Amino acid sequence: MDKGDGLDRGKKSKPSDQLKLTEAELKENITKVLNTHNPHAPQNIVRFNYKEGVYQRVSVDHTAILFEMESNIVYQDSEEGRRLMLKQAEEEDRPDSVASKADKKGVKLGNFFHFTDRATQTLNNPPRQINCQTAPPPRSIFSATANQWQIYDAYCEELQKQEKQKATLLKKETDKSKKGVLVTETQVLFSISPLAKETKILERMVHQNTFDEIAQDFKYFEDPSDKFRGQEGTLLPLWTFQHEETRGLSVTALCWNSKYQDLFAVGMGSYDFCKQGRGMIVFYSLKNSSFPEYVFPTTSGVQCLDIHPQHFYLTVVGFYDGCVAVYNLKKKSLEPVCKGTPKTSLLTNPVWQVRWQNDDIDNNHNFFSVSADSRVVSWTLIKHELISTETIRLSVNGGLSNVPDDEQLQYFSSTAGGTSLDFHKQTDHLFLVGTEQGKIHKCSIHYSSKFLKTYNAHNSAVYTVKWNHFHPRVFISCSADWTVKIWDDTIKVPVFTFDLMSAIGDVAWAPYSSTIFAAVTIDGIVRVFDLSINKYEAICQQLVVAKKKTKLTHIEFNPVHPVIIVGDDQGLVSSFKLSPNLRKTPKVRKQMEI
Amino acid sequence: MAGTGEAKKEEADYKRLNSFPLIRHTDMPEEMRVETMELCVTACERFATNNESAAKMIKESMDKKFGSSWHVVIGEGFGFEVTHEVKNLLYMFFGGSLAVCVWKCS
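Chain order of the listed sequences is A and B.
All the letters of the first sequence, read from the start, carry residue numbers 1 to 594 under the UniProt record's numbering.
All the letters of the second sequence, read from the start, carry residue numbers 1 to 106 under the UniProt record's numbering.
Bear in mind the hints are in silico, worked out from the structure with no lab data behind them.
Please read all numbers here as calculations on a predicted model, not as lab measurements.
Where hints are given, some of them may not hold.
Only some residues are given here: those of chain B computed to face chain A with a beta carbon under 8 angstroms [said to hold, decoys possible]:
(1) 22
(2) 25
(3) 46
(4) 47
(5) 77
(6) 79
(7) 81
(8) 83
(9) 91
Sample of chain A residues with no beta-carbon within 12 angstroms of chain B, all distances over it, derived [to be verified]:
(10) 141
(11) 162
(12) 195
(13) 427
The beta carbon of each residue, even a glycine, is placed where N, CA and C say it ideally should be.
Okay, chain B solo, but in the shape it has when bound (with noise of 0.2 angstroms):
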């Protein structure tokens, strides 16, 4: 029991620790990615729980700042295979287990 609390108090401890957002693949040019970025955590903090409603909100800002029409997917588990408009896609990880995948096809 002791273990899986040791277990536990680690994870709680490396998903703290590594919870900075880690870009794993982009193409977008260097603003519309930072702000793309920053506008993800902010939707993954608020909406810690509830992934559905992170994923509206950054879509919905998406559409409004960059053209309609963006697709969101937040998860923990999942593989896709997408197509998007080119120079439109972020997929990036944050907060030690949450991967974020955005990009943009009308």
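Same shape as in the complex, but just chain A (with noise of 0.2 angstroms):
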């Protein structure tokens, strides 16, 4: 039966190699004797025989040994025998001899029935033989010519390589000797920039890490010792700013950013009329403090700045030297968008304050500046230009119609030069202007040649004029002679007269409340008053700085944190919180009584 495995079962295989033979050689009967000669002994063998000269023959056995064994069986009555077996007694007397042991075993052994051997044969598997052949490795095919000329040329080549990459090797070492000190930052293959963001975000919470104190009274702080001063407040110290490029500097300007509250510009520059140099104008931001966000260095030095209430990136500068720009903080470039000269003065003529304005009808922007020669100027910003009208000239005799340019200096000494300028919060067309001599005019944008209104306000120059956020009709007015007046547009006599014993830096109204506006002096004191709490006398006096000499030059609220910033003379900005007595708003009555 065919199992169908493929092995062949009983089938009779016939070798290849099998001798072929015919039918009647197949039947053939062929006898075969058997005998005891021994087929491969050798029949005639001779030797010769010296002792009696002949070859004689040798008889050969026709024995084959085909198995031999030494026996260990020794005849009992011969020598040895009888040896062994005096052995073999005096073994048996010893008392763990293997006899002795084996007679007790003996016993038990002669009975058969307990061991009986059995055996039996398992099926050995027949072997078979099975063949197959692998996918055989993949070849091809190579040629090539070994020539002494094939041979000098790959070496010759090979060399020219070497010695290039010999050479630019060398080249590299001797720039980077050259480069001394920086041998080591031009193998830097891993640069930071990459990872700006990052590191940003980093340095901000290390800040706020180090700081951390700071930033948790900026944020929750309130003093409760208040509630025990009656109606006195007090400046809680926070974040200190300051730049070490900025060493000599006095700071000039100080602005709020609207849209990111946390940033603030700061003009550097310096008051001194002999030392004149360069300026600066850094931001800061109030979530690091130890490095300003951005820096730009100028020429000369900055007098004012101010940061556009919409476009918050852009922030106009005005300059020692007359120059006014325009930086972009959006744009990398530490250079300034559009810069804009005064046309025709031969003297410099500092720009004592710039403000934006609203953009125009074909959204231009533009700004005013307010310089010392005694114009008020209007720029506007058309593609990256700053084209400049002169909206007012101010003139001692008040309002006077555009004088030709050469009659300039006949007229220099009957002007007088502006020192500050602000716009009216709510009608953007009036704006204030402080001269140099103490006047202030109100006038408007729409009419270019006559003030609407002067006041005698001061009796040397006015530093700075700033109208009340809230109320539409007062404003503040801060001059040389050291004393800070409020006014009231419609009344000619200022309403308060604060007389602060020395020489004033600022003023500023607060941005929450009408009653409230701070003043900053040289002897380093910071002033806050409420109009509605003590007309006469300052709710906060606080020395802000640590040695007595610097003198504090501008300060700023913040439009939206309890914080006021004040910059100084030496170049430092330090920020302080307002205690809840001093921030206080005013609950029904904006109008103050008069």
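Combine the two chains into a complex, taking the hints into account.
What follows is the structure, encoded as structure tokens:
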């Protein structure tokens, strides 16, 4: 039966080399005889016998030894046999001999029913052969010639290559050695600029952790002792901002950013007439007081700056040499977007104040500047160029039509340089100009030749005029005659006068209340006044500088947080938190009683 | 005479200078290549005068290490075209004038 496993069972397979015979030959009977002759034994060996001198046949025996084993049986009666028997008898006497043991066992072994032998043969599988052929490894053909010139050429090429490599290496090394200290830097393959954003976040985190207490105070601390102090308040010092490149410069302008309320701009320059040199515009964030966010160095000292209330990345800067410039924070360069120079002035007239205006009809940005050459100029930013138009010219007599340029020198003595400028918060065509002579003019953009009103405000230069944020008719002015005066614009006489006993740097209204304002003086004291509480004295007077000689130059309130920043003439900007007593917003009445 | 003498000297110098092993063509994996190259260099330096012994040494070592069967030709002037198992061929120059070709094909 074929089991179908491919193996041949029981089938007789003929080996291929079997002898092939015919039928007749196969039937032939061949007789074979068995005898004891060893067929391999030689039959004709002869040896020469020296005794007899003849060859003699040697008989070879026909036994072939198939198996030989040496026995260890000794005949009993022979010498050796007797010897061995004596030895055995000795051994038997010993107590641990095998024979004594065997005797005991011998009794048991005698019983044949305990042990039997059985044997079986397992089935041995017949061996089979299986072959297979694997795929041969892939081969390919290669040919070449090995000649002396081939070898020579190859070596020459190789040498050239090596020399080139050595040359480039040497070059690199010499370059590196020239740079000296920078060697390690050039080898830095990893630079940190792709991670700029992350490192910035990290820096801020580190800063927050370092100044953690200040950050907590800024956010949450409310001075509890204010309850016991009656009406007075205090200023809690927070961060101080300083940059080492601003050494020797004083803070000449401060401005908060309206969109990012932790960002503020500081203008650096010098108030000293003799020492005029470079300037700087530095942007700090409250989140990082150790290093500014943006730094713009300028060739001339900065006198004033303003950040656009809507386009928060535009900053206009007025310089000591009479130029104005607009900087765009979104652009990476350190140069201003555009720069405007005064057209005619032969002398340098510092621009004392710049203020942005709302975009005009064509959506061009424009701003106003007032400078010591007694002009209020309106600048329009059209496609990266600044075009100036003179709005008004200040003069002693009050109101004058445009004077031809060559007569400017004649009029120089009769015109008064403008020192400050502020636009009305609600009606933006109205603005105030303070002059070097101490007068304040109320003007309008639409009337370029005449002032609407003039106030004989002070005896000397008016440093700052500011409209009140809430009250439409109130403004404040401070001047070099050591007084701060509060006006109602319908009245020619100041409503309030405060004599601060020391030269004043700046005043600022608080953005959250119509009756609170702060003033800084050169003796390093910040004074905060609240007219709804105390009409004659400051509710807070605090010395904010470490050294007595530093003069405070500017102050600004943060539009949102209860924080003020104060700049001084050492280039340091300090921030303070106003205590709750200073932050009282009047509830119903927003008008001041006269 | 001086000219030829100098030429010979130059030749000897060149041979000395350029006796680094230069691999001309190979498709062996990195390790195998390095090992084979070092083996060839050793053999050629040892049997500088007898190419046959050098070839014998290389062939036997390769057979032991990488399996049979390898073929080795060493000489200064010959052309060849061989079928070899893929990734088992090395053709290199050595000593400024010697070319060695080693391949596997069973």
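To see whether the hints hold, each was checked on the structure:
The criterion of a C-beta within 8 angstroms of any C-beta in chain A is met by residue 22 of chain B, whose closest approach is roughly 6 angstroms, and the hint holds. Evaluation of the residue 25 of chain B hint against chain A yields a held restraint, the C-beta minimum of about 7 angstroms falling below 8 angstroms. Interface restraint check for residue 46 of chain B: the shortest CB-CB distance to chain A comes to about 20 angstroms, outside 8 angstroms, so the restraint is violated. The restraint placing residue 47 of chain B at the interface with chain A is violated, with a minimum CB-CB distance near 18 angstroms, outside the 8 angstroms limit.
Interface restraint check for residue 77 of chain B: the shortest CB-CB distance to chain A comes to about 5 angstroms, inside 8 angstroms, so the restraint holds. With a cut of 8 angstroms, the hint placing residue 79 of chain B at the interface with chain A holds, because the nearest CB-to-CB distance is about 4 angstroms. Hint status for residue 81 of chain B relative to chain A: holds, with the closest Cβ pair at about 3 angstroms, below 8 angstroms. Interface hint at residue 83 of chain B: satisfied, since its Cβ lies 5 angstroms from the closest Cβ of chain A, which is below the 8 angstroms cut-off.
Taking 8 angstroms as the C-beta cut-off, the interface hint given for residue 91 of chain B holds, the closest approach to chain A being about 6 angstroms. For residue 141 of chain A, the condition that its CB be more than 12 angstroms from all CB atoms of chain B is violated, with the nearest at approximately 5 angstroms. Against the 12 angstroms criterion, residue 162 of chain A falls within the reach of chain B, whose nearest CB is about 10 angstroms from its own CB. With 12 angstroms as the threshold on Cβ separation, the claim that residue 195 of chain A sits away from chain B holds: the shortest Cβ distance comes to roughly 36 angstroms.
Against the 12 angstroms criterion, residue 427 of chain A stays outside the reach of chain B, whose nearest CB is about 84 angstroms from its own CB.
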